[in-house]
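Student: The primary structure of each chain is shown beneath.
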Amino acid sequence: MSILSTLFPYDIYKGLKLTGRYFGRNFFSANRKKVRANLKHITVEYPEVPVHLAPRFRGRLQMLRDEQGEIKCICCLACERICPTQVITIEKDKKEGRKLPFPKRYTFEMERCIFCEFCVEACAYDSIILNHQFELAAYNREDFSHGTEGVFQNMFKPTPVGTFSVSADDDGNAPHY
Amino acid sequence: MFKNEELEINLGPQHPSTHGVLRVKLRLDGETVRHCYPVIGYLHRGVEKICENKTFFQGQVWTDRMDYVAAVSNNLGWAEAIEKLMGISVPRRAKYIRTLLTELNRISSHLLWLGTHAMDIGAMTVFLYAFREREEILDVFESFCGARLTTTAFRIGGLRDDVPPGFEAKVQAFLDRFLPCIDEYEDLLTENRIWKKRTIGVAPISAEECLAMGVTGPVLRAAGVPYDIRKAFPYAAYDEMQFEVPTRMEADTYARYLVRLEEMRQSHRIVQQCLDGMPEGAVMAKLPKILKSEVAEVYHPIEAPKGELGYYLVGEKGGLNPYRFHVRGPSFVNLQALPKMTEGKLLADVIAAIGTLDVVLGEVDR
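Residue numbers (my numbering), protein chains in the order written: chain A, 26 to 202; chain B, 228 to 593.
If you're looking for bench data, these hints aren't it; they were derived computationally from the structure.
No more than 27 Å apart at the CA atoms, straight line, and that leaves these computed lysine-lysine pairs for DSSO-like:
1) B:Lys516 x A:Lys117
2) A:Lys97 x A:Lys119
3) A:Lys39 x B:Lys424
4) A:Lys42 x B:Lys424
5) B:Lys281 x A:Lys117
Bound conformation, chain B alone (with noise of 0.2 Å):
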């Protein structure tokens, strides 16, 4: 009857709170986790290999399907990393457009996670503040490239179209209306009691155990290092825009939610520093007709909104499409902290801390 007695259970593959296919083995002592391990791959594509048998061109429309709620984060790092390898230079409208798509995408990336995290926990109220902004951002999306999704949004060597006439206009409607609205949330999450409860100090991992597994982006910077891309590599139009790298020291779930907050307002600055200073030009630049690669190896990294989102690509002489093709996804590489932030935790914590991770199972598996 008082026997000691480990009890392994599942948590997924199709559990609400893991966010899409992830499956975790666990092994509970009482409610508490004495081995946590997850397992990826039910929604492997082969998006790598497939990319190789694609041209250049082609290949984009694989990376919207890899992180489905920041497609616009991976379409830039994929035209970026054959630009790169090219040596192609983009005129400067269109790296302007670019940033302004990207950091409107990494609101609506993290008021998707802010919604869906908070509903885990148990605050079902914000997810619906959160996807009435959301949905304002992908009517932009659908008006510029004409998908919400899976956008497609740029082309090698710059844009396909212009902005659509009134664009400037809905992109100032909304960053007039959302600085309030991330009060709002604020409002409703911050000071709260129970939410305190449910994310102060669950699921701690400190900074040298980020760097010692390559974590990046907020969980790395709730942890205290100031590592963001747009400013240790700036890309795109990231070098002339103004804004802060938010960073918090204490490295649990509550730190994480305040820097993807913070984020979201600086986002909100950089949009409103693209729209102010748009320069006038063209957006593609002067391209052959078929894109050729020489033989070369580049690694463009990105500050995906879930961290360091990098691709390798090799070329070969005369090549219409890749000969190697890598993704560093950042959901991939932020998954393996799961173990270490939730081995001697609580179970119900667990949940708390994939949602902290901010996983997309499409990249993780790709």
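Okay, chain A solo, but in the shape it has when bound (with noise of 0.2 Å):
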């Protein structure tokens, strides 16, 4: 290392007018509003402020209904068979003015589950979704088996966990995912 560099550290300074920059930057455009997250901030106020997902995250698995209300599950099984963790469990039955069999139980341990979307690619018939839920946390474990009949009958919308979510707007309703 010459004297040169001793008496003038210019590795340091340009280290230094770096980080003197973006800090000067950041200090004088931050604001405490809720913004969403562009390329001044980085960092999204979390809780508070909703993230924005892409249309194809992999949430928790959701059943739909169609335009009559019935369950569009047909049970072929497709998605009991592929899904790399069998979490999910099927139990066929007949319904009076149903031609299709019907789901008497499905049930979805989502503990073990591991988003990767399988079951959604395996089903002819687009009966089930990955929603965009993602704050999956819950009290007890009963909370993370889902089905179809009992008292776990929440297949067909987010997990109830989703309303004790910090996200939740002024009036204490759920975000809408």
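Two chains, two separate frames, one set of hints: put the complex together.
Tutor: In structure tokens:
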């Protein structure tokens, strides 16, 4: 190291110039409003400001109903067979006034799900989707089991956990997924 | 009082600089490392055995979880190994999209390495700058396949979906911004005298030792061997891409840092070429409904961000799952260079050596 660089530490100056530039830019442009992240603001004030999710985001498994309110699933067991972690269990049944089989029990154990979307890909009847819910924490292990009957009748809408979400609006409404 | 005793200590498995659950048994003489013994296996899940019991389609989700900072690379190797096993040819557009995503993944993996490695050595600031760009790459992955880390990006025979609308613009916006960002990292580190003192001459390993132990990737290239599987055995669309393989002769931590930065620039070049020359057409090959293998044996290496990632598959007649599956993981093989790099050196250099090898323990233990 030459005496010149000891007297004038150009390397240190270069780094400080960079960090100083960003510090100045953020210091004078930052505001405390709830804004989405853009190039100027890298971070999002997440719990208060809902994060942006891509349309293909893979969240929790959800079953769909058709226009008449019937469950679209016809128990072909494609999702059960393709699931790499065996989290889906279906029990077939007949129902009055319905030609196709009806899922008497459709159990989804979320604590083991790896959100790979293979089940949705395998479904030929578009009867299941992965919705955009990602805040899936719960207090009890039972809350991770979802089904079509009994106390866990929540396969058709986002998990109730979402209602406790910190990103709920001021009136206490759950975020829309 | 003046006893000359060697002290045995544990580094890890919870030490923040070991990037996972790596335990290193060290025998120290004062500050000097006399003996270094990495203990692995804390994250062992038996991925190879699990994949043997799953169908070819299902196995991909386990490859995500090996090298979790470069999941797209792992997916590519898995998909291509099975395509090789079954003789499936992939549409050209799918190959281009695969190459694009894999190179973006290389950039993101190197950015994570840069941030954490610099933070281990003591430069905290770079971490924030590196993760700023990594975030954008993960957003690109999310828009393409719906997940940021465990991507499951590809399918056997091509891709599940074409790119979403607005994908090209998003990647282009990232590319336009990224090259000045690398210069920013260089401003912070390359000339910095503290960084130079901490890296130049630290953890050296010669080309002969690298080749003898099978060390690949940037560690080998920093020792002067221009071995890159993208050039040596082209896969995906790399035979149509123009890029250079950066090498250095110094074989120390600083050289590896420069090699990886240059690799990011070359990856940027490849992504730009993929974007400009993106062909039209289908993204999925015509496949039978159920994938069955013949009696065959394939080894398919790809250049993962950490080095040579090889998938070895044995198929049986009419088999729905691989008869035998083996992964030659770059982190696992590279980690055995750690004792060579550190023995006889100072204790503080062990941290630099672990960082410069860029090991991911999910892949070491599998």
